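Residue numbers (the numbering used here), protein chains in the order written: chain A, 1 to 359; chain B, 1 to 359.
Mixed in with the good hints there might be a few duds.
Unchecked claim - 25 Å max Cα-Cα, derived DSS-like pairs, lysine-lysine: (1) Lys232(B) to Lys112(A); (2) Lys186(B) to Lys265(B); (3) Lys45(B) to Lys317(A); (4) Lys347(A) to Lys31(B); (5) Lys227(B) to Lys106(A); (6) Lys227(A) to Lys106(B); (7) Lys215(A) to Lys109(A); (8) Lys167(A) to Lys105(A).
Unchecked claim - Distance ranges between label pairs, derived from CB positions: (9) Met235(B) to Ser185(A): 47 to 57 Å; (10) Glu32(A) to Lys347(B): 14 to 24 Å; (11) Gly258(A) to Asn91(B): 51 to 61 Å; (12) Glu218(A) to Ser304(B): 42 to 52 Å; (13) Asn67(A) to Glu210(B): 40 to 50 Å; (14) Lys45(A) to Pro303(B): 25 to 35 Å; (15) Lys112(B) to Lys265(A): 49 to 59 Å.
None of these hints come from the bench; they were simulated from the model. Small disclaimer: the values here were computed from a predicted structure and weren't measured. All C-beta atoms in this analysis are idealised placements derived from N, C-alpha and C, irrespective of residue type, glycine included.
Protein chains: 2
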Amino acid sequence: MVDRVYNFSAGPATLPIDVLEQASQDIKNFKETGIGLIEMSHRSKEFMAVAENTESLLRELMEIPDNYKVLFLQGGASSQFFMIPMNLLGNGEKATYLNTGTWSKKAIKEAKLFGEIEVAYSSEEQTFNKVPEQGEYSISDDSEYLYFVSNNTIYGTQFPTFPDTDKLLISDMSSDILSRKIDVSKFGLIFAGAQKNMGPAGVTVVIIREDLMEKTPENTPTMLKYKTHADKDSMFNTPPCFAIYGVGEVLKWLKKQGGVEAMEKRNIAKAALLYDCIDSTDYYRGHAEVGSRSIMNISFNLPSADLEAQFIAEAAKIGLMGLKGHRSIGGCRASIYNAFPTEGVEKLVAFMKEFEAAN
Amino acid sequence: MVDRVYNFSAGPATLPIDVLEQASQDIKNFKETGIGLIEMSHRSKEFMAVAENTESLLRELMEIPDNYKVLFLQGGASSQFFMIPMNLLGNGEKATYLNTGTWSKKAIKEAKLFGEIEVAYSSEEQTFNKVPEQGEYSISDDSEYLYFVSNNTIYGTQFPTFPDTDKLLISDMSSDILSRKIDVSKFGLIFAGAQKNMGPAGVTVVIIREDLMEKTPENTPTMLKYKTHADKDSMFNTPPCFAIYGVGEVLKWLKKQGGVEAMEKRNIAKAALLYDCIDSTDYYRGHAEVGSRSIMNISFNLPSADLEAQFIAEAAKIGLMGLKGHRSIGGCRASIYNAFPTEGVEKLVAFMKEFEAAN
Numbered sequence: 001m002v003d004r005v006y007n008f009s010a011g012p013a014t015l016p017i018d019v020l021e022q023a024s025q026d027i028k029n030f031k032e033t034g035i036g037l038i039e040m041s042h043r044s045k046e047f048m049a050v051a052e053n054t055e056s057l058l059r060e061l062m063e064i065p066d067n068y069k070v071l072f073l074q075g076g077a078s079s080q081f082f083m084i085p086m087n088l089l090g091n092g093e094k095a096t097y098l099n100t101g102t103w104s105k106k107a108i109k110e111a112k113l114f115g116e117i118e119v120a121y122s123s124e125e126q127t128f129n130k131v132p133e134q135g136e137y138s139i140s141d142d143s144e145y146l147y148f149v150s151n152n153t154i155y156g157t158q159f160p161t162f163p164d165t166d167k168l169l170i171s172d173m174s175s176d177i178l179s180r181k182i183d184v185s186k187f188g189l190i191f192a193g194a195q196k197n198m199g200p201a202g203v204t205v206v207i208i209r210e211d212l213m214e215k216t217p218e219n220t221p222t223m224l225k226y227k228t229h230a231d232k233d234s235m236f237n238t239p240p241c242f243a244i245y246g247v248g249e250v251l252k253w254l255k256k257q258g259g260v261e262a263m264e265k266r267n268i269a270k271a272a273l274l275y276d277c278i279d280s281t282d283y284y285r286g287h288a289e290v291g292s293r294s295i296m297n298i299s300f301n302l303p304s305a306d307l308e309a310q311f312i313a314e315a316a317k318i319g320l321m322g323l324k325g326h327r328s329i330g331g332c333r334a335s336i337y338n339a340f341p342t343e344g345v346e347k348l349v350a351f352m353k354e355f356e357a358a359n
Numbered sequence: 001m002v003d004r005v006y007n008f009s010a011g012p013a014t015l016p017i018d019v020l021e022q023a024s025q026d027i028k029n030f031k032e033t034g035i036g037l038i039e040m041s042h043r044s045k046e047f048m049a050v051a052e053n054t055e056s057l058l059r060e061l062m063e064i065p066d067n068y069k070v071l072f073l074q075g076g077a078s079s080q081f082f083m084i085p086m087n088l089l090g091n092g093e094k095a096t097y098l099n100t101g102t103w104s105k106k107a108i109k110e111a112k113l114f115g116e117i118e119v120a121y122s123s124e125e126q127t128f129n130k131v132p133e134q135g136e137y138s139i140s141d142d143s144e145y146l147y148f149v150s151n152n153t154i155y156g157t158q159f160p161t162f163p164d165t166d167k168l169l170i171s172d173m174s175s176d177i178l179s180r181k182i183d184v185s186k187f188g189l190i191f192a193g194a195q196k197n198m199g200p201a202g203v204t205v206v207i208i209r210e211d212l213m214e215k216t217p218e219n220t221p222t223m224l225k226y227k228t229h230a231d232k233d234s235m236f237n238t239p240p241c242f243a244i245y246g247v248g249e250v251l252k253w254l255k256k257q258g259g260v261e262a263m264e265k266r267n268i269a270k271a272a273l274l275y276d277c278i279d280s281t282d283y284y285r286g287h288a289e290v291g292s293r294s295i296m297n298i299s300f301n302l303p304s305a306d307l308e309a310q311f312i313a314e315a316a317k318i319g320l321m322g323l324k325g326h327r328s329i330g331g332c333r334a335s336i337y338n339a340f341p342t343e344g345v346e347k348l349v350a351f352m353k354e355f356e357a358a359n
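Same shape as in the complex, but just chain A:
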């Protein structure tokens, strides 16, 4: 048995030990073929089955409607920042963005290369400590889509409910996909890097409504057209085989846990343990406004930067790793994605109480 620590890393992030054990075997001999998973042709029937199974599990768990394609792409979520406007704003149309953190800012920068971008809301002046409520912004009639980041990994904020609008919704769900039940049919496109809630780094899932793929300008490079990948079931070129396999294994695990609904309940309970601890004292201060709190990333501060450094160092000594906040806001952050165990959160809460009493 592996001697595990509690890994609060924001991504790549902790994975279920069952997944690691299985991958450890498959990597050197996949299903007794005498060939390891990572040296196996992507056109082999064995790997094709892996890819198909990964897609069908994701469809099942997220209840993705038939008129949506599921793509497994490379380039990270960061490549979606330009691929979305490149494919959807081909004639320089207008789109609306909500600026709730580093990742939406980066997406806005790339989108401006392709169309007219309206930033309808920004919480930048208050260090991105909240997401907008319904009615806090308005969208131009001629806007093609509304883009927002469902969960802001760095600041620890999350949309508790999604924008209620007729506009096409596009969302970066990199850090909360599969953490709560959503209605995919309300979205035009959802994307997420795998390395937080879905598997190892190296693959990005794009869920796109089929009709949207027809908007791409002709002169777009082949590899940058969504349709290229959709038409070939993400096998137009050699896919990132191991990362796709890893996502499939995480999805199998997720299904065994009871699926997304069960996971959502557990996530809410895990986050509540931490927020209750934070709210019970003035020693710890949550970064996010209460109504915008994330159930995935909990960013908080201690009375001073010195105490924060001491807190992080002492936590690491007892196997609570990766609690340092992102360099852009400092402080502490506990990322508790689907695969993060409740016992780890309980241990952190116990440590927080001890640390407060001692310092």
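Since chain A is already given, all that's left is putting chain B on it; use the hints.
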């Protein structure tokens, strides 16, 4: 011990068993940290060391000069087909391409989106069974670079020596990087998908002369500028951590084998075993002209398609897997990259002789 077969797959391709064994351990507990390699932050000191070590080993083994950057990118070699002209032909300049197979054809198609493309040579009419000799083509004075595919995986052809020209050389070395000694300083840019000679699928190595990164047009998306990745040591966004780790492990293995020079000798000897067998009879016919033969991929035919199917099926029964040729030319193909053992080639040659005698 794993019961291994001989895997002649063209890519993803066979990897050294030592690499698979090591990955199998590291994946669940990296260097006794209690965190698996694939769930570890890419900003952790442990993973940063992996990435640095991978780059420095590649620099050492290929003797890459200091004025070249080594990038680990996503999107496959196929993404380089457009990234190269997008970055280097920003003002619609001219470039020259040698058309020696499927992958050069695809590269030409993408390049035409950005500049004026001169196809100075094509062996398409003879089913790409050769590469050009020096003097078989000419390059316009105003051409910015000469692009060629060093080894053509599908057709089993390879440039025995590189084009002798003052022009900037750009080469797709996906299927023969690290298989033979080359002088990097003669090139402007070399790229290769990892999944043939370097590691698992999911990462593409780009070796680029620094000054070339200055040509990229301003309005290029951030993720598509070489400079973005060079400035951040390929960590601008979350990299494909496991694939980079895998390349590093393969490079460690390669160094232990004696480096590129030792590997080249072994590769020549392995290929000779097969070509000698093919040349000793009329039963087997090599696809490539003798002067263009690849030491990595040996494409050959039997007297009929029926016999080829029978050959592939019987070979599989004795553990010689993946001998089916690419769908575009049919027949048989043995891919024998660096990690493919000599014993496997010997076993194939013995089988070829038996099969000929029996059929």
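To see whether the hints hold, each was checked on the structure:
Taking the CA atoms of Lys232(B) and Lys112(A), the gap is about 23 Å. The hint holds against a cut of 25 Å. In summary, the hint linking Lys186(B) to Lys265(B) is supported, as the alpha carbons are separated by about 22 Å, within the 25 Å threshold. Using a Cα cut-off of 25 Å, the hinted pair Lys45(B) and Lys317(A) holds, with the two alpha carbons roughly 16 Å apart. For the proposed pair Lys347(A) and Lys31(B), the alpha carbon gap of about 24 Å is at most 25 Å, so the pair holds.
For the proposed pair Lys227(B) and Lys106(A), the alpha carbon gap of about 17 Å is at most 25 Å, so the pair holds. The straight-line distance between the Cα atoms of Lys227(A) and Lys106(B) is roughly 17 Å, inside the 25 Å bound, and the hint therefore holds. A threshold of 25 Å between alpha carbons decides the hint, and for Lys215(A) with Lys109(A) the separation of about 21 Å falls inside it, so the pair holds. Distance check on the hinted pair: Lys167(A) and Lys105(A) sit about 20 Å apart at the alpha-carbon level, within 25 Å; holds.
Hint check: Met235(B) to Ser185(A), Cβ distance near 37 Å, so the stated range 47 to 57 Å is violated. Remark: the range hint 14 to 24 Å for Glu32(A) to Lys347(B) is upheld by a beta-carbon distance near 20 Å. Between Gly258(A) and Asn91(B) the Cβ separation comes to about 57 Å, which falls inside the hinted range of 51 to 61 Å. Roughly 43 Å separates the CB atoms of Glu218(A) and Ser304(B), a value that falls within the hinted 42 to 52 Å.
A hinted range of 40 to 50 Å for the beta carbons of Asn67(A) and Glu210(B) is consistent with their spacing of about 47 Å. The hint said 25 to 35 Å for the Cβ distance between Lys45(A) and Pro303(B), and at roughly 28 Å that hint holds. For Lys112(B) and Lys265(A), the Cβ-Cβ distance of about 54 Å falls inside the hinted range of 49 to 59 Å, so the restraint holds.
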